[in-house]
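First to last, the sequence lines map onto chains A and B. Heads up: the first sequence at position 234 corresponds to 1063 in my numbering, and the numbers run straight through without jumps. Heads up: the second sequence at position 88 corresponds to 917 in my numbering, and the numbers run straight through without jumps.
No lab work stands behind these hints: they were computed from the structure. Treat each hint with caution, since some may be false.
What the hints assert, rightly or not - Derived Cβ-Cβ restraints for the label pairs, each shown as a range: (1) B:Ala-1080 x A:Arg-1140: 22 to 30 Å; (2) A:Ala-1216 x B:Gly-898: 44 to 52 Å; (3) A:Gly-1113 x B:Glu-1026: 30 to 38 Å; (4) B:Asp-1116 x A:Lys-1244: 45 to 53 Å; (5) A:Gly-832 x B:Gln-833: 26 to 34 Å; (6) A:Ala-1066 x B:Gly-1240: 28 to 36 Å; (7) B:Ala-1229 x A:Glu-1236: 30 to 38 Å; (8) A:Arg-921 x B:Lys-1182: 29 to 37 Å; (9) A:Glu-1115 x B:Lys-1110: 29 to 37 Å; (10) B:Asp-1241 x A:Gly-1238: 40 to 48 Å; (11) B:Ile-1016 x A:Ala-1216: 53 to 61 Å; (12) B:Ala-1216 x A:Ser-1154: 56 to 64 Å.
Stated by the list, open to error - Covered by chain B, per the in silico footprint, the following chain A stretches (three or more residues, Cβ under 8 Å): (13) 835 to 841; (14) 869 to 883; (15) 932 to 938; (16) 1009 to 1015; (17) 1025 to 1031; (18) 1041 to 1048; (19) 1175 to 1181.
What the hints assert, rightly or not - Pairs of lysine to aspartate or glutamate residues, derived as EDC-like cross-links and limited to a Cα-Cα distance of at most 20 Å, are as follows: (20) B:Lys-897 x A:Asp-896; (21) A:Lys-925 x A:Asp-985; (22) A:Lys-895 x B:Glu-948; (23) A:Lys-989 x A:Glu-886; (24) B:Lys-897 x A:Glu-948; (25) A:Lys-1006 x A:Asp-985; (26) A:Lys-1227 x B:Asp-1067; (27) A:Lys-897 x B:Asp-1067; (28) B:Lys-897 x A:Glu-885; (29) A:Lys-925 x B:Glu-907; (30) A:Lys-1137 x A:Glu-907; (31) B:Lys-1111 x B:Glu-948.
All values derive from a computational prediction rather than experimental measurement. Glycine included, every Cβ here is placed at the ideal spot set by N, Cα and C.
There are 2 protein chains.
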Amino acid sequence: MTGQPLPGFRDFFPEDHSTLRSLFSAWREASRRSGFVEFEGPELEALELYTEKSGEEIIGQLYHFKDKGDREVALRPELTPTLARMVAARHRNYRKPIKWFSIPRLFRYERPQRGRHREHYQWNCDIVGEKGAAADAELIATLCLGLSLLGLGPKDVVVKVSDRGWWDLFLADQGVKEEKRAEVLRILDKLEGAPTEEWKKKLGALAEPIGNALDSKIALSEGLEQVRQAVGALGYADWCEVDLRIVRGLAYYTGIVFEVHDRAGKLRAVAGGGRYDHLLKKLGGEDLPATGFGMGDAVLSELLTEKKFLRAESTPPAIFVVAESAERNLALQIAGNLRRNGEAVDYDPGSGKWVKQLELAEARGARWALLVGREAAQGKLLVKELATRKQGEIAFRKSADGAISLEPGVGDWAKVVAS
Amino acid sequence: MTGQPLPGFRDFFPEDHSTLRSLFSAWREASRRSGFVEFEGPELEALELYTEKSGEEIIGQLYHFKDKGDREVALRPELTPTLARMVAARHRNYRKPIKWFSIPRLFRYERPQRGRHREHYQWNCDIVGEKGAAADAELIATLCLGLSLLGLGPKDVVVKVSDRGWWDLFLADQGVKEEKRAEVLRILDKLEGAPTEEWKKKLGALAEPIGNALDSKIALSEGLEQVRQAVGALGYADWCEVDLRIVRGLAYYTGIVFEVHDRAGKLRAVAGGGRYDHLLKKLGGEDLPATGFGMGDAVLSELLTEKKFLRAESTPPAIFVVAESAERNLALQIAGNLRRNGEAVDYDPGSGKWVKQLELAEARGARWALLVGREAAQGKLLVKELATRKQGEIAFRKSADGAISLEPGVGDWAKVVAS
């Protein structure tokens, strides 16, 4: 046993997991406030679910294998095909538009690098059954709300919005045939960082008109204008700008597309999404318009770390019960009672000495040590606030059914030690 | 695309996911109150991590394959080997005993049947670094607390406790050689449901002494007596009984073992666990005593469904904003403001008519419809409680920075419609 996870995979020790949970909390809270409901699918799906959507070339990036029932299966690289499958199976049960979110764990066999692992968590929000750009705006606003709950604002990130529909019309206008458009979009997709001379050469006669379009920072299409207005009304105008270089490589996007980047432009995209109106039908489901986004935990964590915004959602026990060995049974009774009353309570399950128990109480980060010592014979206990080392006395009483009540209750211990 | 997940896998539609979340909430809350901290590991691990623990025969039940880097990998069938790996890597950073919990998703290639799928979620709690039976008792109490938070009590379930250490001594006493003991334990493990004549025949001369031991409902070992006392002090005496038939098949258990069953005895085990003091060292880690349990979501859900205790943790939006088309922009501003203030707010992103928007508000289960109509010109809005159809008027005000305040706030709308 090497002690290490597989390359590209991550161990989440408690201190790592508490920061991960702070992301999940923000994602769930933004989803809840925005009226999305949570769903989840299997992590293993039939391989064809992915090849039907993305072609055979996706196989090179997948964890896939033949299971013991001779089925070609794959660990999900994304949630959208599962969403399409589930919507196809039961969409009649749900009033449109369907607003679903999920925080799936996703897998890709890629070279591990900064901000890119072989597994990650991804916040997904999708709206199915609404074709208007207001749905795209709703997604962008939800995404901004989620980022703001993590402390990020328009000075830290920018939502770059574009319109694949506009590109289709523009390229048709320029006489680029349908089968050639994907190639142009691929060049646009790699534009960031590419030397101007190089992409101009690649685009040939298209270089000038495309260059002019790219310089525009204002809405060029009806869809972009609707998004601008609705995102503005929802309160996120200063988070967004039009950037037509955003085309989101994948062939299936049909309308508004967007990516979130750090303002400094140092990291990979924090999130990306857009409208995929034909995908559900293509995957054998209903012909329903759809739009959605995904936001991974990895790049976001990098950005939050850099901004020093990354918070841990830590839950130390409120109370640590310290007991003399003769009072061990009473200590357990008190711990059990407090827990049933909703308090977070820990104690040393070993037979550690008094001072060792107190050390463990501090190591656990407990606010209070509840000391069950000789005073217990007189119905008394001591409470000690570990940070201030202030101490006070409380009383306890056992009722006939074994329940133990403390006088005063935990909420008033601060007064006890202050006096 | 079939519309169905792979055999043995589950889709969690929003209504399914909300019940799943109610399990997770109870598990997390019981863990928190009991001083366990959450961790998580990768879902894909090196195959040898599992064969080292359980032998080559485990391979038959695993999802395993060779990845593109020619590594033999497996989807985790359980969390313990990952825990062992992680503890080995960093245990010096943590004060003992380590109390960790997790809610991993686990995978097993088995014939799908009632209460057993090919993937499931499992609540895991482990205590590492404490050898006394008090740690086993702490786990049992945590497990009982979790079940009680779901509405279950000692009338619904029983924790059957046994001691593998006692069996080792007993069998040695009976002259059963070490290499033969596993075979006897395997017979004991299959005892439930087996005809008495059959197992008596299999056990031969051991049948009588074993039969006598099995009839005992009281503590037979020091460990069992310590568990009885500590679990009793923690408040769960009536949940537990000694049942020596519980041996937990797997060879690595060394002391106290336990299983949770429904009292009626109709279902598979709801949870199981015990002490595995030699496993961490065997897996190449430190020689630390350890004990833990796992509780899956599937059998538990069956039991809760049967008892009609299964609750959905549903989160309908509190407010659904309904707008006349001329007031659409104002409606979005109000929605954005309310969401930033922490309210769950939905609206129709389409251009639906007034009555269609109200229908959607009801379908979403919103408590309030906030009606943005002609009164808006006078700074007024109507609020409607959808369940009672009672209605009242509130005012709104826009400040210079675009923030919108409602008068009175959401918390007082009940008074507005009552008057």
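Evaluated hints:
1. B:Ala-1080 x A:Arg-1140: 22 to 30 Å: Given range 22 to 30 Å: violated, Cβ gap about 43 Å.
2. A:Ala-1216 x B:Gly-898: 44 to 52 Å: 49 Å, holds
3. A:Gly-1113 x B:Glu-1026: 30 to 38 Å: Violated, since Gly-1113 (chain A) and Glu-1026 (chain B) (Cβ atoms, about 56 Å apart) do not stay within the stated range.
4. B:Asp-1116 x A:Lys-1244: 45 to 53 Å: Cβ of Asp-1116 (chain B) to Cβ of Lys-1244 (chain A): about 47 Å, so the range 45 to 53 Å holds.
5. A:Gly-832 x B:Gln-833: 26 to 34 Å: Violated, since Gly-832 (chain A) and Gln-833 (chain B) (Cβ atoms, about 40 Å apart) do not stay within the stated range.
6. A:Ala-1066 x B:Gly-1240: 28 to 36 Å: 29 Å, holds
7. B:Ala-1229 x A:Glu-1236: 30 to 38 Å: For Ala-1229 (chain B) and Glu-1236 (chain A) the Cβ distance comes to about 53 Å; the hint is violated.
8. A:Arg-921 x B:Lys-1182: 29 to 37 Å: Taking Cβ atoms as reference, Arg-921 (chain A) and Lys-1182 (chain B) lie about 22 Å apart, which means the hint is violated.
9. A:Glu-1115 x B:Lys-1110: 29 to 37 Å: This hint is violated: roughly 56 Å between Cβ atoms.
10. B:Asp-1241 x A:Gly-1238: 40 to 48 Å: Violated, at about 30 Å.
11. B:Ile-1016 x A:Ala-1216: 53 to 61 Å: With a Cβ separation near 56 Å, Ile-1016 (chain B) and Ala-1216 (chain A) satisfy 53 to 61 Å, so the hint holds.
12. B:Ala-1216 x A:Ser-1154: 56 to 64 Å: Since the Cβ atoms of Ala-1216 (chain B) and Ser-1154 (chain A) sit about 58 Å apart, the hinted range of 56 to 64 Å holds.
13. 835 to 841: Coverage by chain B holds here, the residue count being 6 at a Cβ distance below 8 Å.
14. 869 to 883: The restraint on the stretch 869 to 883 of chain A holds, since 10 of its residues have a Cβ under 8 Å from chain B and three suffice.
15. 932 to 938: Check passed, 3 qualifying residues.
16. 1009 to 1015: Not satisfied, violated; 0 residues make the cut.
17. 1025 to 1031: violated (count 0)
18. 1041 to 1048: violated (count 0)
19. 1175 to 1181: Holds, because 6 residues of the stretch 1175 to 1181 of chain A bring their Cβ atoms closer than 8 Å to Cβ atoms of chain B.
20. B:Lys-897 x A:Asp-896: Given that 20 Å is the threshold and the Cα spacing comes to 16 Å, the pair holds.
21. A:Lys-925 x A:Asp-985: 34 Å, violated
22. A:Lys-895 x B:Glu-948: 17 Å, holds
23. A:Lys-989 x A:Glu-886: Answer violated: Lys-989 (chain A) to Glu-886 (chain A) is near 28 Å, above 20 Å.
24. B:Lys-897 x A:Glu-948: Cα-Cα ~15 Å, so holds.
25. A:Lys-1006 x A:Asp-985: With a Cα-Cα distance of about 39 Å, the restraint between Lys-1006 (chain A) and Asp-985 (chain A) is violated, given a limit of 20 Å.
26. A:Lys-1227 x B:Asp-1067: 19 Å, holds
27. A:Lys-897 x B:Asp-1067: Violated - the C-alpha atoms of Asp-1067 (chain B) and Lys-897 (chain A) are around 44 Å apart, more than 20 Å.
28. B:Lys-897 x A:Glu-885: With Cα atoms ~16 Å apart, Lys-897 (chain B) and Glu-885 (chain A) stay inside 20 Å; holds.
29. A:Lys-925 x B:Glu-907: 39 Å, violated
30. A:Lys-1137 x A:Glu-907: Answer violated: Lys-1137 (chain A) to Glu-907 (chain A) is near 29 Å, above 20 Å.
31. B:Lys-1111 x B:Glu-948: Not satisfied, since the Cα-Cα distance of roughly 27 Å exceeds 20 Å.
Going through the hint list in order, the structure does not satisfy hints 1, 3, 5, 7, 8, 9, 10, 16, 17, 18, 21, 23, 25, 27, 29, 30, 31.
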